[in-house]
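Chemist: The lines below spell out each chain.
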Amino acid sequence: DSGVTQTPKHLITATGQRVTLRCSPRSGDLSVYWYQQSLDQGLQFLIQYYNGEERAKGNILERFSAQQFPDLHSELNLSSLELGDSALYFCASTEVGGNTIYFGEGSWLTVV
Amino acid sequence: GQQLNQSPQSMFIQEGEDVSMNCTSSSIFNTWLWYKQEPGEGPVLLIALYKAGELTSNGRLTAQFGITRKDSFLNISASIPSDVGIYFCAGEAAGNNRKLIWGLGTSLAVNP
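Chains as they are written, first to last, in our numbering: chain A, 1 to 112; chain B, 1001 to 1112.
Quick caveat, the hints were computed from the structure, so don't treat them as lab data. As the structure is a prediction and not an experimental result, all values here were calculated from the model. Please note that a few of the clues may not be correct.
Each computed EDC-like pair below joins lysine to aspartate or glutamate, with the alpha-carbon atoms no more than 20 Å apart [said to hold, decoys possible]: (1) B:K1099 - A:E53; (2) B:K1099 - A:E75; (3) A:K9 - B:E1038.
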């Protein structure tokens, strides 16, 4: 158990819909990262937040957005879903000044 | 998005055999990380490398940061069934705020 909690673990939704994935980082970790893992693209960095502020942006689509709340949990919002958005979405966190990124177990999104 | 070239894509070996996998990049990295992902889990850090030429071991695992800073390898000695999983390399450029670039993974199967 990495200490990073993600919900839901599995989600099936229709094209065009919107979903929200939730992440609670390890206690005390200020940084939260979101990754998308698909079979053909592997692990892709989407976005990073640090203490509520966006810190870095990766290959995140405009249809996707994220935020980190004052209690440090984070949400990834995926809208106008397409079949190709089906993937495993990971959240990860790091401790302040730490070098290890701890991953949650992921949220499995299936768009039908 | 940018990816590392990780090879081999998959391996099927006999228990007790040694395993070697590597990652290469056209860019220079300051950090190389090796992760293992088991079914239903997020990636777990195995070894982190921070200096060109660095050779680091973690039990039966050994990884090296290439001198050119554009490659890294991971060796597993005397493989056992629990080594089964997908091994990912990841690289981080200087000042990149942990925006890791990932390989597509090496899937390892071990025949007892």
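Chemist: Please go over all the hints and tell whether each is borne out by the structure.
Modeler: Hints, one by one, checked against the model:
As the CA atoms of K1099 (chain B) and E53 (chain A) are separated by approximately 15 Å, the hinted pair is consistent with the 20 Å bound. For a cut-off of 20 Å, the pair hint linking K1099 (chain B) to E75 (chain A) stands: about 18 Å separates their Cα positions. For the given pair, K9 (chain A) sits about 16 Å from E1038 (chain B) by alpha-carbon distance, which is consistent with the 20 Å threshold.
In the structure shown, no violation is registered for any of the earlier numbered hints.
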